[in-house]
Structures are given as C-alpha cells and as structure tokens.
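Student: The residues making up each chain are set out below.
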Amino acid sequence: MEITNYVVLAAVLFAIGATTVLLRRNAIVVFMGVELMLNATNLAFVTFARLHGDLTGQVLAFFVMVVAAAEVVVGLAIIVTIFRTRRSASVDDVNLLKG
Amino acid sequence: MTPAGLEISGGETVLFWVVAPLMVLAALGLLFVRRAVHAAMCLVFVMISMAILYIAQEAPFLGVVQVVVYTGAVMMLFLFVLMLVGVDASDSLTETIRGQRWIGLLVGLGLALVLGGVVGRAAFPPGAGLAGGDPAGVANPQALARVLFGDYVLAMEAVGVLLVTAAVGALVLTHRRRLTPKQNQRTVAEARVKALTEGVSLTPLPSPGVYATSNAMDTPALGPDGEQIPQSVSRVLRIRGQERPAPHAGVALVDADAPTGAAAPRRGEEDV
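First to last, the protein sequences are chains A and B.
In terms of the numbering used here, the first sequence opens at residue 1 and continues consecutively.
In terms of the numbering used here, the second sequence opens at residue 1 and continues consecutively.
No lab work stands behind these hints, which were simulated from the structure alone.
Do not take every clue at face value.
Claimed, not checked - Each pair of labels, with its calculated beta carbon distance range:
hint	chain 1	residue 1	chain 2	residue 2	range
1	B	V147	A	T85	29 to 35 Å
2	B	V14	A	D92	43 to 49 Å
3	B	E190	A	D92	38 to 44 Å
Quick caveat: nothing in here was measured; it's all calculated off a predicted structure.
By construction, the Cβ of each residue, glycine as well, lies at the ideal position given by its N, Cα and C atoms.
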C-alpha cells in the first residue's frame, strides 16, 4: 500500500464535506460538513508529517483541532441564538438582509 | 534522516482497507441521511475511525486528542444543540434555488476529481517515517511537546487567548436578557382569568369520548346537548385530521348483524 492512499482518502472526505455544506439546509448539518472538511485536512497533515518525517504537520493538525473547537463553540451559539428568535434552524429561512 | 525509512506493514494495509471504506460510507451518510441526529452519529463514527488512523500513522497523541476533543466535546456539543433545537428538525426537501442539488453534487464531484487528480499526478518523496525524523528517537508525545513549546510557543499562547475569547463569546451570544417580569403561579392564574372572555377555559379540557365501539383518544366526547366537543381530542390529532367522528346520539352504536370484529374497520372505510 502506498502512503498516498491516506491523502486520497482525505481528499474524498473533504469533497464529501464540501458537498454537504453545499446541499444540506439544516444549519447544524452544514456545520457538521465543515467539521468533516477540517478532519480531512487533519488527516492530510498527519500523513504528510509521516511522509516527510517532520513533526510540524502533527503540530499544525493539533492547532487546527483547537481552532475548530473554538469555531464550533461560537458557531453553535450563533445557531442557538438564531433558532431562538426565528424558530428555525434552516439556512434558507435567514433572509433578513434580502433587499 | 534516512530515506526509505517508512515501511507500511501488512497489518496497517488491512486496517486501512477496512476502516477507509466504512469512513467514506459514514461520511456519505452525512450527505444523505434525513435526520440531523443520524448525521451526527455518522460523523462520530468518522471521527473515531479517524483517531484509529492517526494512531496507525505514528500519531498516538493526536489520536487521543481526536477522541477527547472531537467525539468527546465537539460532537456532544452538537448533540446538545440538536436537543435544544429539536431532534425532529429534519430537512425540507424543497429547493429554494432551482437546480441547486445537481449543481452542488456536480461541484462536489468536480472537487473530488480535482483533488484526486492532484494527488495522483504529484511526485511524492520516498516516505521518511517519523522514527527516522525524531532526533533522539523519543516517543511521539514528548517530541511533539518539544516542537509545540519550542518553535510554536507564541502560537500556543495565541490559541489560549482564542479559546478564552470563544468561551466568553459563546456565553455572551447565548445569554438571554429577561425583558418581561418573571411568571409565577399567581400571575399565570390571573392571566387565565383575564383571558376568560376570549374563550379560554379555566378548567382542564374535557377528555375524549368512551363508547361501546371505541375508547381511543381520537373520538370526541359528546356534550350534554348531543353535540361533539372538538376540544376533547388532542390538538395534534385535530391538526393532522386523524380525528374520528363520534357516533350520533340517535343512531345505534353497533350494528346488530355485523360481527364485532368487522365492525371497526368497516366504520373506518366509511369515514374515509
């Protein structure tokens, strides 16, 4: 087995995550798609760290995880706030800025 | 660092070919599953499998962090928010932008093709492996700590600030200011008495009717004047239109000729 198999897997998972973001309407599921994309990039980071024999890739993956955790906290708080005022978690219903 | 220091064992190959298809399947579940809770479960599966792959790829520290942070904290947060928002909040399938589904699928497929093509055409160096990269051959968490608190100390501090900011931001965002005075038992009672003129009843609603043919909660009760009382049937059933009409006062409730077993379905057919 080639080590590039891991990179291909990361690419496939990233594409699936991107498609989820494009297709789903529920804001929470859209958010899960973003998480999937972040995880896929982490897999690529770890694979390249191993490929090059350099731990920097793993350190970057660690930072991605931390930033993703912060992002989830703020994003879910926004979703909860929107749900409280609009009674809906669909990304289509938020059109207040529409002229 | 010696090249060709990386050898992928047969066990890892088997592990990859077992875990990777399952991961892709679960990720596709995120795309096609209707309910948000099931999507969250699919994502949990993907993340745990990802942790297994990390550990297989000489990153045991990241594998543990993946389980603790992602499946332990992030996905639980997702589940909590799903419970707040309502577990049954499933997607609507109506398209607000015409053709969005096909365009989205096309873009996703194109992205997969482009990324796969790039990976296929790129020339990778011979794999080094982390055992050759470590200066003293120390274990992964210690070597990682050296890099993290050596070269990346400033980034580490910035991440700490970021986490605190995120926590405070979430608190501020979800904090709700009370705009109306707090409701207690007395104010609730006074409000109901005040609403009497608008047709709100003080007493509990009447219970559904019990007859010889049916005591299910979809049959309305009859008032003393022989009229049906719609409020006696659950509001949900009324909205769904699953309410069964009560037998009229003058009509015989059970056909004497019909066998009792066939009576109920026959009545159902007539209603439809």
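Student: Each hint needs a verdict: does it hold in this structure or not?
Tutor: Hints, one by one, checked against the model:
Taken as a hint, the range 29 to 35 Å is violated for the pair B:V147 and A:T85, whose Cβ atoms sit roughly 45 Å apart. Distance hint for B:V14 and A:D92: a CB-CB separation of about 44 Å, consistent with the stated range 43 to 49 Å. Between B:E190 and A:D92 the Cβ separation comes to about 41 Å, which falls inside the hinted range of 38 to 44 Å.
In summary, the structure is inconsistent with hint 1 from the numbered list given earlier, while agreeing with all the others.
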